[in-house]
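Model the placement of chains L, Y and G on the given structure of chain D, informed by the hints.
Chains as they are written, first to last, in my numbering: chain D, 6 to 144; chain L, 6 to 144; chain Y, 6 to 144; chain G, 6 to 144.
It is worth saying that the hints were derived from the structure and are not from the lab.
Computed from a predicted model, the values in this text were never measured in an experiment.
Any given hint might turn out to be false.
As the list claims (entries may be wrong) - Covered by chain L, per the in silico footprint, the following chain G stretches (three or more residues, Cβ under 8 Å):
| hint | stretch |
| --- | --- |
| 1 | 11–21 |
| 2 | 24–38 |
What the hints assert, rightly or not - Here are the simulated distance ranges between beta carbons:
| hint | chain 1 | residue 1 | chain 2 | residue 2 | range |
| --- | --- | --- | --- | --- | --- |
| 3 | D | GLU130 | L | ASP105 | 36 to 44 Å |
| 4 | Y | VAL126 | G | ARG49 | 45 to 53 Å |
| 5 | G | GLN10 | Y | GLU12 | 39 to 47 Å |
| 6 | L | PRO131 | Y | VAL126 | 55 to 63 Å |
| 7 | Y | GLU121 | L | GLU90 | 54 to 62 Å |
| 8 | D | HIS139 | G | VAL78 | 23 to 31 Å |
| 9 | L | GLU12 | G | GLN10 | 42 to 50 Å |
Stated by the list, open to error - Selected chain D positions facing chain L (Cβ under 10 Å, derived; list incomplete):
| hint | residue |
| --- | --- |
| 10 | HIS28 |
| 11 | TYR31 |
| 12 | LEU32 |
| 13 | ASP33 |
| 14 | ILE59 |
| 15 | VAL63 |
| 16 | SER64 |
| 17 | VAL67 |
| 18 | ASP68 |
| 19 | TYR69 |
| 20 | SER72 |
| 21 | THR113 |
Glycine included, every Cβ here is placed at the ideal spot set by N, Cα and C.
4 protein chains.
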Amino acid sequence: MYTYQHEHRVRYRECDPMGVVYHTHYLDYFEAARTEALRDLGVRYRDLERNGIIMPVVSATVDYKQSAEYDDVVIVEAQFPEMPEVRVPIDYVVRRAETDTLLATGHTDLCFMNAERRRPVRIPEPVREAFLPHLPASS
Amino acid sequence: MYTYQHEHRVRYRECDPMGVVYHTHYLDYFEAARTEALRDLGVRYRDLERNGIIMPVVSATVDYKQSAEYDDVVIVEAQFPEMPEVRVPIDYVVRRAETDTLLATGHTDLCFMNAERRRPVRIPEPVREAFLPHLPASS
Amino acid sequence: MYTYQHEHRVRYRECDPMGVVYHTHYLDYFEAARTEALRDLGVRYRDLERNGIIMPVVSATVDYKQSAEYDDVVIVEAQFPEMPEVRVPIDYVVRRAETDTLLATGHTDLCFMNAERRRPVRIPEPVREAFLPHLPASS
Amino acid sequence: MYTYQHEHRVRYRECDPMGVVYHTHYLDYFEAARTEALRDLGVRYRDLERNGIIMPVVSATVDYKQSAEYDDVVIVEAQFPEMPEVRVPIDYVVRRAETDTLLATGHTDLCFMNAERRRPVRIPEPVREAFLPHLPASS
Chain D
6 MYTYQHEHRV
16 RYRECDPMGV
26 VYHTHYLDYF
36 EAARTEALRD
46 LGVRYRDLER
56 NGIIMPVVSA
66 TVDYKQSAEY
76 DDVVIVEAQF
86 PEMPEVRVPI
96 DYVVRRAETD
106 TLLATGHTDL
116 CFMNAERRRP
126 VRIPEPVREA
136 FLPHLPASS
Chain L
6 MYTYQHEHRV
16 RYRECDPMGV
26 VYHTHYLDYF
36 EAARTEALRD
46 LGVRYRDLER
56 NGIIMPVVSA
66 TVDYKQSAEY
76 DDVVIVEAQF
86 PEMPEVRVPI
96 DYVVRRAETD
106 TLLATGHTDL
116 CFMNAERRRP
126 VRIPEPVREA
136 FLPHLPASS
Chain Y
6 MYTYQHEHRV
16 RYRECDPMGV
26 VYHTHYLDYF
36 EAARTEALRD
46 LGVRYRDLER
56 NGIIMPVVSA
66 TVDYKQSAEY
76 DDVVIVEAQF
86 PEMPEVRVPI
96 DYVVRRAETD
106 TLLATGHTDL
116 CFMNAERRRP
126 VRIPEPVREA
136 FLPHLPASS
Chain G
6 MYTYQHEHRV
16 RYRECDPMGV
26 VYHTHYLDYF
36 EAARTEALRD
46 LGVRYRDLER
56 NGIIMPVVSA
66 TVDYKQSAEY
76 DDVVIVEAQF
86 PEMPEVRVPI
96 DYVVRRAETD
106 TLLATGHTDL
116 CFMNAERRRP
126 VRIPEPVREA
136 FLPHLPASS
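Looking at chain D on its own, in the form it has when it is part of the complex:
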């Protein structure tokens, strides 16, 4: 499994009248975490797009455990359990940094797609190679 931890400071605009992070923003946290996870491997999503590959989200799930509050620092861990092929499954665990409280877990499936034809494609070879030291190739 390849994992990466992304840190985020909760902003006022993300908090609702209950005084806690509005539930939709966890999906934004997931996006930032997986983008930085890829960057840490040497893969810049911006470059993929410029080369005609996009990675749309196919499905997303979030389970909310405890609320993050305004100005909390949250740690968003992105976990890549296996070598992606066409589909890219990613798990997420969100914790409050100060107390290590589990706030939420989630999952997204993305896929590699040809931007022009909007058709799923296999993982680009440079991305596969970036994952290879961390994830056994699927057989």
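Here is chains L, Y and G on its own, set in the frame of chain D:
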């Protein structure tokens, strides 16, 4: 089952560089649809909150089928399959109005909660009565 | 002056821990109001873009008078004081529908721009003609 | 003048179909920059709020010069030109880190307000003291 259809015009701010609605906004569409579904029953969420009941989202899932584009009108159908007790399960179906294309399906579980003590509570009686003509009481 | 009134129901996601609309969302209200104002004239921004014309925002100002609250219906009036040339000045007045309270005023300058070359251009002739019954042509 | 530079990585959700940051998000960048500027002085906005002081935005202006693109790192400089009294004027300058290109300038006026009575109040003494080494007291 109680169902309600909410209409939404896709705004520029919701669209991403792929030219389509960014995936997180479907959760916002769900929020608007369930709020209007409750209003249609005579239940105003704002009044619930003023009476000390909040309805946090416990879990959320979205499956993305096709992309909504800028300026599309989308129909978001909220489906309440059963009389809520403590937990409020809701299904969603999102279609493009013009073509009736299925864009996404989703599910959220909310729960009734005492705002002050942050403890789950049973469905308030007036809300149960509002649902009763549409949903058989659970046995 | 050409004016158009756009109605918007304040959503939970737009409200902050003060229990009122977070200030940035007024710019979103402005976007919706001017888009609908143009549509009412027969000009669909989506079609402009497909014809290679974009309308970026050059400057924006908001003055906040009173707070909009969750579930309020707000009326956002977009006012086009003069025939646009390259630049499109628009004023906005936001009121709470129920009480007619003035909530905010604002102004944006947009401009017509060639999407490909990212260069300002004069108002496309069909847009000028759509405005003409409402706005005296500048001399 | 007290100045503080806040760094932000542009996220996908912030970018629009023109492929650049949607204009409303600069107000979010301003919020993050002023919050961190205050933290750097030892003032945590969260603590102010817990002590019954809120800081609503009274007016906001943004002038857009060049577009920020997806994945750009932007530097948002918050400038406090004078010791705040009741009103807190702040200027902002946004630059792309990599090229030092000027992207936008802006201004917000906030005010100190009693959260319960929603009345403007003078700057709390601990906040004034935090600013004092950086800003001459107004006469």
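Each hint tested on the structure:
| no. | hint | in the structure |
| --- | --- | --- |
| 1 | 11–21 | holds (count 4) |
| 2 | 24–38 | holds (count 3) |
| 3 | D/GLU130 with L/ASP105: 36 to 44 Å | holds, 40 Å |
| 4 | Y/VAL126 with G/ARG49: 45 to 53 Å | holds, 48 Å |
| 5 | G/GLN10 with Y/GLU12: 39 to 47 Å | holds, 41 Å |
| 6 | L/PRO131 with Y/VAL126: 55 to 63 Å | holds, 58 Å |
| 7 | Y/GLU121 with L/GLU90: 54 to 62 Å | holds, 57 Å |
| 8 | D/HIS139 with G/VAL78: 23 to 31 Å | holds, 25 Å |
| 9 | L/GLU12 with G/GLN10: 42 to 50 Å | holds, 44 Å |
| 10 | HIS28 | holds, 4 Å |
| 11 | TYR31 | holds, 9 Å |
| 12 | LEU32 | holds, 4 Å |
| 13 | ASP33 | holds, 6 Å |
| 14 | ILE59 | holds, 6 Å |
| 15 | VAL63 | holds, 6 Å |
| 16 | SER64 | holds, 5 Å |
| 17 | VAL67 | holds, 5 Å |
| 18 | ASP68 | holds, 5 Å |
| 19 | TYR69 | holds, 6 Å |
| 20 | SER72 | holds, 8 Å |
| 21 | THR113 | holds, 9 Å |
Checked against the numbered hints given earlier, the structure satisfies every one of them.
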